[in-house]
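Chain by chain, the residues:
There are 4 protein chains.
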Amino acid sequence: MNHEPIRDIAHLAHIELLTPKPNESLNFFKELLGMGVVHSEGQSVFLRGWGDQPLYSLKLTEAKQAGLGHVAMRTFSPYALEERALDIEKNGFGLGWTDGDYGHGRSYQFTDADGHNLEIYYEAEKYITPDHLKPGLKNMPAKYAAKGASVTQLDHINLFSSDVDADSLFFRNQLGFKLSEQAITDDGKQTTAWLHVTNKSYDLAISHDKSGGKGRFHHAAFKVESPEMVLRAADVFLDNGIFIEAPPNKHVAGQTMFVYVYEPGGNRIEVCAGGFLIFSPDWETVTWTPEERKKGLAWGTPLPSTFHTYGTPDIANR
Amino acid sequence: MNHEPIRDIAHLAHIELLTPKPNESLNFFKELLGMGVVHSEGQSVFLRGWGDQPLYSLKLTEAKQAGLGHVAMRTFSPYALEERALDIEKNGFGLGWTDGDYGHGRSYQFTDADGHNLEIYYEAEKYITPDHLKPGLKNMPAKYAAKGASVTQLDHINLFSSDVDADSLFFRNQLGFKLSEQAITDDGKQTTAWLHVTNKSYDLAISHDKSGGKGRFHHAAFKVESPEMVLRAADVFLDNGIFIEAPPNKHVAGQTMFVYVYEPGGNRIEVCAGGFLIFSPDWETVTWTPEERKKGLAWGTPLPSTFHTYGTPDIANR
Amino acid sequence: MNHEPIRDIAHLAHIELLTPKPNESLNFFKELLGMGVVHSEGQSVFLRGWGDQPLYSLKLTEAKQAGLGHVAMRTFSPYALEERALDIEKNGFGLGWTDGDYGHGRSYQFTDADGHNLEIYYEAEKYITPDHLKPGLKNMPAKYAAKGASVTQLDHINLFSSDVDADSLFFRNQLGFKLSEQAITDDGKQTTAWLHVTNKSYDLAISHDKSGGKGRFHHAAFKVESPEMVLRAADVFLDNGIFIEAPPNKHVAGQTMFVYVYEPGGNRIEVCAGGFLIFSPDWETVTWTPEERKKGLAWGTPLPSTFHTYGTPDIANR
Amino acid sequence: MNHEPIRDIAHLAHIELLTPKPNESLNFFKELLGMGVVHSEGQSVFLRGWGDQPLYSLKLTEAKQAGLGHVAMRTFSPYALEERALDIEKNGFGLGWTDGDYGHGRSYQFTDADGHNLEIYYEAEKYITPDHLKPGLKNMPAKYAAKGASVTQLDHINLFSSDVDADSLFFRNQLGFKLSEQAITDDGKQTTAWLHVTNKSYDLAISHDKSGGKGRFHHAAFKVESPEMVLRAADVFLDNGIFIEAPPNKHVAGQTMFVYVYEPGGNRIEVCAGGFLIFSPDWETVTWTPEERKKGLAWGTPLPSTFHTYGTPDIANR
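Chains as they are written, first to last, in the UniProt record's numbering: chain A, 1 to 318; chain B, 1 to 318; chain C, 1 to 318; chain D, 1 to 318.
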């Protein structure tokens with residue numbers, strides 16, 4: 001019997017977001033986050049931050065309502081892809097193989113315990129930097145955007161779930177994520193789980209959807225280079241009439257600096273910076289009790305209540 | 001008739017704060033703000049930030065209850081001092097001349113319309129940097145503190161007042177302050193007035209004391225070098241059990257980045273950075289309506305209600 | 001006899017720069033510094049930073065060679081303007097009155113001791129923010145640029161001079177500038193003089209032109225909000241092929257963080273942040289000896305030798 | 001035959017530095033870097049940054065001359081430790097097993113191709129935070145230091161080597177490091193190799209020792225939270241008379257912001273921030289040619305020549 005941990009998933013590759021306002025949403029990601037368009041196809045536009053290592057990190061797709069299309073992860077190798085697919089299929093979460101999509105080869109699709117669409121693949125097309133975006137230093141994929149919030153890259157995503165325990169267990173057992181931190185109820189049920197496959201303290205968070213919804217999306221976070229740039233991002237949002245749900249502050253879990261907004265299509269977007277990396281192979285999950293969570297954010301103010309109920313699609317407004 | 005504006009006050013020089021917990025307060029200013037002690041005398045300790053141009057910016061005095069001792073301003077010249085004293089006396093606000101205090105020569109004492117103790121002087125002893133604090137560059141008064149929040153210097157003060165209009169008029173007419181910004185009620189009564197004598201957008205703020213108190217103190221603000229350092233200050237307060245009344249955010253007026261805490265004696269202290277300078281000689285006072293003020297801080301969250309009622313001495317707890 | 005100091009000049013208002021490459025220079029200021037165009041007329045384009053309080057801070061004019069057109073300062077009042085004009089005329093530096101230029105009323109023109117063209121005026125048209133640039137907070141003139149280096153405003157200028165002592169004396173005696181810092185030779189001759197009329201530690205610097213030139217231009221500095229933003233500016237220059245003469249570092253005088261580049265027309269441009277303000281009315285000029293200057297910049301590396309010889313027009317290449 | 005990559009080393013754990021001036025060196029690490037002492041034993045003091053996940057990251061040992069004692073790495077598991085030890089022994093680099101040292105269990109010692117002392121272990125004692133250092137948020141090991149440069153943790157080390165190719169191959173083949181970037185001569189010989197086992201773009205750099213020395217030490221780098229904090233660190237060094245070999249600037253490789261100093265014992269120390277993470281499983285080594293390296297640092301100034309010759313022990317001064 002093999003007790004070695006699963007180490008097949010290399011990183012979060014891209015996310016597909018659905019939007020009922022494709023033009024406004026596209027303008028948000030291009031002009032206010034400073035992302036670049038690499039491709040358009042059908043009802044979808046593919047975008048990347050200037051520092052994204054994959055070809056793109058966001059597939060923005062027109063749809064009747066906002067929400068998550070799917071989350072894609074890249075495996076370490078073709079072999080790791082096969083291994084994960086077999087295991088997931090065996091456990092009954094599989095949807096099946098695809099021939100790939102723009103920029104990547106065949107992928108295996110499945111859902112997590114709460115029904116979010118997920119996908120893994122290995123073969124990926126590299127980003128060929130066009131001449132006008134060639135950076136001064138060739139170890140970067142592209143020039144510093146110097147536009148809007150100038151986000152570097154996709155950092156992490158947060159799913160809303162009707163059963164956080166089940167969902168976080170899924171990511172641990174099927175995909176090899178480790179639980180870095182968790183918030184629990186007095187009964188020991190998870191209200192939020194923070195999970196990672198890289199040295200980042202989390203690549204994925206799963207929060208309890210108090211609205212009773214299932215398979216909804218909470219937020220996607222794009223990274224900037226320093227806490228100071230989060231403040232600049234907030235200025236960009238303020239000056240351009242974007243709804244700021246929570247002003248810059250520091251999260252307790254992961255200690256990342258953040259600002260939360262709703263993009264025009266309705267999806268919650270975070271711009272974040274900082275936070276710690278986890279190097280210890282025997283990191284012990286940090287558990288936050290309801291008592292401890294009452295203190296609010298790192299510097300003492302709670303997130304607005306909408307943070308625990310609003311997600312996309314927006315059930316309340318259906 | 002002389003229409004030339006009064007230009008006699010050079011800058012805010014120091015503030016005397018009263019504390020019922022002298023040791024804890026002293027520890028706060030020394031260890032957590034990173035200020036240095038230059039002198040002790042009677043029940044008072046005199047402190048300075050590493051970048052303060054006056055000999056000291058804070059006189060911390062033991063007292064039965066927290067609050068303001070007095071605010072001292074320095075004039076441009078001995079002549080300007082005489083001129084202001086004469087004018088203030090003529091208008092009935094004068095208390096009289098003193099022989100000076102530690103570090104400065106004779107001063108003229110008076111009160112503003114709401115009864116806060118004020119003082120002006122010109123003659124001042126220069127700070128002689130002790131050898132162990134000599135900076136690498138001699139155009140700075142001392143080494144970078146590199147301790148706690150490492151505040152540079154006193155930046156501004158905020159008085160609580162039962163009648164903001166009367167008080168702000170006093171500072172304009174008697175001391176030559178200019179009104180850079182104001183918040184007003186629907187009836188046009190000032191709820192906060194921001195006033196300046198330097199190029200800073202405010203050296204002094206006066207806020208309406210909703211508790212009905214008179215002559216109370218709202219807060220003193222110490223400056224750090226950048227918005228990022230305000231975040232570090234918040235970390236220092238978080239880690240050392242200091243009550244954070246309002247986490248880092250950006251003020252609408254002046255657009256300064258701030259964090260508000262209560263020092264152990266009970267006085268509200270702000271650590272701030274940034275904000276704009278005013279150079280235009282015909283700057284028009286910016287007026288904020290109740291409607292506009294409802295939006296809260298720059299990035300959209302209101303200050304806690306205590307910000308409008310808590311001051312020192314703390315009337316509620318008497 | 002009036003011993004009161006002259007306090008007639010409120011601030012540096014704008015600078016006219018000449019460029020033999022008008023399109024490339026315009027692109028630099030618009031796309032890489034992030035400034036906005038407010039007007040075009042004849043061979044000139046008028047630009048402003050998003051935080052500039054005057055209508056514009058840069059008049060960019062096509063010319064055979066790079067260099068300074070003129071420097072304009074604004075007086076505190078119409079009366080102050082008359083007073084300065086009379087005094088300058090009396091001392092033989094005057095050129096005469098104009099009817100004004102785009103955005104400002106009648107001005108008095110003159111030259112300093114080294115022949116740089118200067119101008120003072122009071123009447124000025126205010127900036128009317130167009131709808132698409134209206135900021136979230138109305139105490140700012142415009143939205144945060146969020147483009148390129150996103151410079152806030154013109155900060156200071158530096159003139160090259162064949163006789164720094166004579167020139168700095170001119171600014172002190174005729175315009176009321178104060179000498180905050182100076183670098184001198186062993187014989188006590190000024191090699192650089194830093195002068196201010198506002199609380200900034202300098203609004204103007206004058207450096208010795210080792211090339212033997214007269215009336216040349218050294219650089220203009222545009223401000224960003226924090227030291228961190230100077231680093232971002234350097235990234236913008238690096239990624240866009242702009243020659244960086246001196247990478248980000250900290251000046252000894254004024255302790256401003258800087259980066260120096262040549263705009264495509266050849267003029268040296270600085271992006272700066274930080275530095276201290278001077279509040280003490282009896283600030284004593286800080287004098288740097290050749291020995292002390294040998295240490296280089298604050299953190300120990302010298303500026304390149306071109307910093308002491310290159311100016312515009314570029315004599316060497318004529 | 002197993003083509004799976006070696007993934008046995010979790011992270012760089014600690015470094016032992018030798019110093020002929022133990023008191024001055026200790027003072028540097030404690031007061032100027034802001035590290036804390038966790039233990040003293042014999043001629044050694046064990047120190048940690050406030051964010052270090054291992055019990056300590058620096059063992060400072062009194063010795064006749066400065067230099068490297070050893071570098072310690074932690075494996076993912078006891079099994080990984082055995083596997084690495086076997087493999088290294090088989091290849092002839094082994095020195096043998098120890099019973100452990102302060103804070104960790106049995107370790108396997110060996111040398112790299114150039115003779116640097118290395119060690120791997122798995123069993124490690126956890127840091128028990130003393131009450132007075134308990135942080136506000138329990139997912140951090142300790143309070144933010146708020147003293148001196150306030151370094152967070154050990155970030156990476158740089159070895160000097162007589163044969164970079166051989167040494168970097170050793171780390172790849174024996175320890176599973178990957179080559180993220182390299183600088184080469186026109187003949188294709190490595191002059192610097194950057195290697196990583198975590199998502200950081202390098203945990204280890206190996207540079208060619210132009211002095212002809214063997215097994216020498218180049219530098220150890222401690223991390224701060226943002227580029228801005230590197231500037232503050234430079235201020236701390238400037239104000240306290242520490243020799244700054246290279247002022248803050250940005251590295252081409254890894255794009256980390258840095259400042260280099262010599263600690264009083266003579267060892268080169270870097271304070272760094274930023275830099276990118278590598279997530280792509282098929283990252284292609286970035287190769288810098290001599291032509292490209294001529295451009296100097298990211299923003300265009302070369303490192304001083306001592307950077308390529310000075311190491312510890314200091315051969316030149318023997």
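Worth flagging that the hints you see were computed from the coordinates, not collected in a lab.
It is possible that some hints are incorrect.
No copy is singled out in the list; a pair is fine if it fits within one copy or between any two copies.
[To be verified] Each computed SDA-like pair below joins lysine to any residue, with the alpha-carbon atoms no more than 20 angstroms apart:
id: 1; residue 1: Lys138; residue 2: Trp288
id: 2; residue 1: Lys126; residue 2: Glu41
id: 3; residue 1: Lys210; residue 2: Ser305
id: 4; residue 1: Lys210; residue 2: Gly241
id: 5; residue 1: Lys143; residue 2: Leu277
id: 6; residue 1: Lys138; residue 2: Lys178
id: 7; residue 1: Lys138; residue 2: Thr191
id: 8; residue 1: Lys134; residue 2: Gln255
id: 9; residue 1: Lys214; residue 2: Tyr102
id: 10; residue 1: Lys138; residue 2: Thr285
id: 11; residue 1: Lys126; residue 2: Lys189
id: 12; residue 1: Lys143; residue 2: Thr309
id: 13; residue 1: Lys210; residue 2: Asp114
id: 14; residue 1: Lys134; residue 2: Phe76
id: 15; residue 1: Lys126; residue 2: His308
id: 16; residue 1: Lys64; residue 2: Phe307
id: 17; residue 1: Lys126; residue 2: Phe307
id: 18; residue 1: Lys210; residue 2: Ser40
id: 19; residue 1: Lys126; residue 2: Gly100
id: 20; residue 1: Lys210; residue 2: Ser162
id: 21; residue 1: Lys64; residue 2: Gly296
id: 22; residue 1: Lys143; residue 2: Phe76
id: 23; residue 1: Lys295; residue 2: Ser305
id: 24; residue 1: Lys21; residue 2: Gly241
Just so we're clear, the structure is a prediction, and the values are computed from it rather than from any experiment.
Each hint, compared with the structure:
1. Taking the closest pair of Cα atoms, Lys138 and Trp288 come within 20 angstroms of each other only across two copies (9 angstroms); inside a single copy the shortest separation is 43 angstroms, beyond that limit.
2. For the identical chains of this complex, Lys126 and Glu41 are intra-copy neighbours only, at 18 angstroms inside a copy versus 47 angstroms across copies, given an alpha-carbon limit of 20 angstroms.
3. With identical chains, the CA atoms of Lys210 and Ser305 are at most 20 angstroms apart within one copy only, with a shortest distance of 10 angstroms there and 28 angstroms across copies.
4. Taking the shortest Cα distances, Lys210 and Gly241 never come within 20 angstroms of each other, neither inside one copy (28 angstroms) nor across copies (32 angstroms).
5. For the identical chains of this complex, Lys143 and Leu277 are inter-copy neighbours only, at 17 angstroms across copies versus 26 angstroms inside a copy, given an alpha-carbon limit of 20 angstroms.
6. Proximity of Lys138 and Lys178 under a CA criterion of 20 angstroms is satisfied inter-copy only: 19 angstroms between copies versus 33 angstroms inside one chain copy.
7. Proximity of Lys138 and Thr191 under a CA criterion of 20 angstroms is satisfied inter-copy only: 18 angstroms between copies versus 43 angstroms inside one chain copy.
8. Taking the shortest Cα distances, Lys134 and Gln255 sit within 20 angstroms of each other only across copies (16 angstroms), while inside one copy they are farther apart (33 angstroms).
9. Taking the shortest Cα distances, Lys214 and Tyr102 never come within 20 angstroms of each other, neither inside one copy (28 angstroms) nor across copies (51 angstroms).
10. In this assembly of identical chains, the alpha carbons of Lys138 and Thr285 lie at most 20 angstroms apart only when taken from different copies (11 angstroms versus 38 angstroms within one copy).
11. In this assembly of identical chains, Lys126 and Lys189 lie within 20 angstroms of each other by CA distance neither inside one copy nor across copies; the values are 42 angstroms within and 27 angstroms between.
12. Proximity of Lys143 to Thr309 under the C-alpha cut-off of 20 angstroms is found in neither arrangement, the shortest distances being 38 angstroms within a copy and 32 angstroms between copies.
13. Taking the shortest Cα distances, Lys210 and Asp114 sit within 20 angstroms of each other inside one copy (14 angstroms), while across copies they are farther apart (50 angstroms).
14. Proximity of Lys134 to Phe76 under the C-alpha cut-off of 20 angstroms is found in neither arrangement, the shortest distances being 27 angstroms within a copy and 38 angstroms between copies.
15. For the identical chains of this complex, Lys126 and His308 are neighbours neither inside a copy (38 angstroms) nor across copies (35 angstroms), given an alpha-carbon limit of 20 angstroms.
16. For the homomeric pair Lys64 and Phe307, neither the shortest alpha-carbon distance inside one copy (23 angstroms) nor that between copies (44 angstroms) is at most 20 angstroms.
17. For the homomeric pair Lys126 and Phe307, neither the shortest alpha-carbon distance inside one copy (36 angstroms) nor that between copies (35 angstroms) is at most 20 angstroms.
18. In this assembly of identical chains, Lys210 and Ser40 lie within 20 angstroms of each other by CA distance neither inside one copy nor across copies; the values are 36 angstroms within and 52 angstroms between.
19. For the identical chains of this complex, Lys126 and Gly100 are intra-copy neighbours only, at 15 angstroms inside a copy versus 45 angstroms across copies, given an alpha-carbon limit of 20 angstroms.
20. Taking the shortest Cα distances, Lys210 and Ser162 sit within 20 angstroms of each other inside one copy (8 angstroms), while across copies they are farther apart (45 angstroms).
21. In this assembly of identical chains, the alpha carbons of Lys64 and Gly296 never lie at most 20 angstroms apart, being 35 angstroms within a copy and 34 angstroms across copies at closest.
22. Taking the closest pair of Cα atoms, Lys143 and Phe76 never come within 20 angstroms of each other, the shortest separation being 27 angstroms inside a single copy and 36 angstroms across copies.
23. For the homomeric pair Lys295 and Ser305, the shortest alpha-carbon distances inside one copy (14 angstroms) and between copies (17 angstroms) are both at most 20 angstroms.
24. When the C-alpha separation of Lys21 and Gly241 is checked against a cutoff of 20 angstroms, the pair qualifies only within one copy, where the shortest distance is 16 angstroms, while the shortest distance between copies is 37 angstroms.
Checked against the numbered hints listed earlier, the structure breaks hints 4, 9, 11, 12, 14, 15, 16, 17, 18, 21, 22; every other hint is satisfied.
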